[in-house]
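Participant: In case you want the letters, here they are:
Protein chains: 2
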Amino acid sequence: MYLVKIYVTYKQSILDPKGEAIHDALHRLGYTNVADVELGKYFEVKLEADERPIEAEVDEMCDRLLANVNMETYRYEITEMEAL
Amino acid sequence: MYLVKIYVTYKQSILDPKGEAIHDALHRLGYTNVADVELGKYFEVKLEADERPIEAEVDEMCDRLLANVNMETYRYEITEMEAL
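Residue numbers (this note's numbering), protein chains in the order written: chain G, 1 to 84; chain R, 101 to 184.
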């Protein structure tokens, strides 16, 4: 079993209005030293090993469902979980 | 300047219907080896150093705005960014 942590964020060229709103809200709460906020998605996916290479499968899952690759970019970390 | 990466996820006892929906969608796409999906939020916050300890400030920001501590839990990593 593998644990895959996937981070999906907007590409640099894409406006992030939710991140802007959170930045502004933090300033209103007094955190005026906050320079920038970007909001992304975070997935924790548990996968059984099968005959496919896991990186190829995760790339495909991100491209097909988890990220909108026109606007978003993703990265991930794979760790092997110990069997109980 | 610091870069703080914040991960907000549901507590174990809280239902995650979006994670369930993504799990089901991945199965329909043929990724039947996916055992579990949890969906969370991911923030990248850039902060200017000020006189406060940065961990105390990030904890407070999470408790007040970024996470709903009744339902969610958070963790973060702080890295110092090089000045240009």
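These are computed hints drawn from the structure, not numbers from a lab.
Note that the structure is predicted; figures quoted are calculated from it, not measured.
C-beta atoms are modelled at their ideal positions from N, C-alpha and C, and glycine is treated no differently.
Among these hints, one or two may not hold up.
SDA-like cross-link-like pairs, simulated, lysine to any residue; straight-line CA separation at most 25 Å [stated by the list, open to error]:
hint, chain 1, residue 1, chain 2, residue 2
1, R, K146, G, I54
2, R, K118, G, V69
3, R, K141, G, R52
4, G, K5, R, Y107
5, G, K41, R, E180
6, R, K105, G, A49
7, R, K141, G, I54
8, R, K111, G, Q12
9, R, K141, G, D50
Short, incomplete list of chain G residues facing chain R, as computed with Cβ under 7 Å [said to hold, decoys possible]:
hint, residue
10, H27
11, G30
12, D36
13, E38
14, G40
15, F43
16, I54
17, M61
18, D63
19, V69
20, E80
Participant: All hints, please: hold or fail.
Facilitator: Status of the hints after comparison with the structure:
Proximity of R:K146 to G:I54 is assessed by CA-CA distance (about 33 Å); at most 25 Å being required, the pair is judged violated. For the proposed pair R:K118 and G:V69, the alpha carbon gap of about 20 Å is at most 25 Å, so the pair holds. Restraint check: the Cα-Cα separation between R:K141 and G:R52 comes to about 29 Å, which exceeds 25 Å; the hinted pair is violated. Between G:K5 and R:Y107 the CA atoms are separated by roughly 11 Å; this keeps the pair inside 25 Å, and the hint holds.
A C-alpha spacing of about 23 Å is found between G:K41 and R:E180, which places the hinted pair at or below 25 Å, so the restraint holds. A hinted pair counts as satisfied when its Cα atoms are at most 25 Å apart, and R:K105 with G:A49 does not qualify at roughly 29 Å. Between R:K141 and G:I54, the direct Cα distance comes to roughly 24 Å. Compliance with the 25 Å bound is thereby established for this hinted pair. Distance hint between R:K111 and G:Q12 is unfulfilled; the C-alpha atoms sit about 31 Å from each other, more than 25 Å.
With a C-alpha separation of about 28 Å, the suggested pair R:K141 and G:D50 falls outside the 25 Å cut-off, and the hint is violated. With a least beta-carbon distance of about 11 Å to chain R, the hint placing G:H27 at the interface is violated under the 7 Å criterion. The interface hint given for G:G30 is broken, as the beta carbon of that residue sits about 10 Å from the closest beta carbon of chain R, more than 7 Å. Taken as an interface hint, G:D36 checks out: its beta carbon lies about 4 Å from the nearest beta carbon of chain R, inside 7 Å.
At a threshold of 7 Å, the smallest CB-CB gap from G:E38 to chain R is about 4 Å, leaving the interface hint in force. A cut of 7 Å between beta carbons decides the hint on G:G40: the least distance to chain R is about 4 Å, and the hint holds. For G:F43, the interface hint holds, since its Cβ comes within 7 Å of a Cβ in chain R; the closest pair sits about 6 Å apart. Of the supplied interface hints, the one on G:I54 is violated, with its beta-carbon coming no nearer than about 9 Å to a beta-carbon of chain R, more than 7 Å.
For G:M61, the suggested interface contact is upheld, since its CB lies about 6 Å from the closest CB of chain R, less than 7 Å. A distance limit of 7 Å between C-beta atoms decides the matter here; for G:D63 the minimum to chain R is near 11 Å, and the interface restraint is violated. Annotation: interface hint on G:V69 violated; nearest CB of chain R at approximately 16 Å, more than 7 Å. Annotation: G:E80 was flagged as interfacial toward chain R, and the flag is violated, the nearest CB pair being 14 Å apart, outside 7 Å.
Consistency note: the structure conflicts with the earlier hints numbered 1, 3, 6, 8, 9, 10, 11, 16, 18, 19 and 20.
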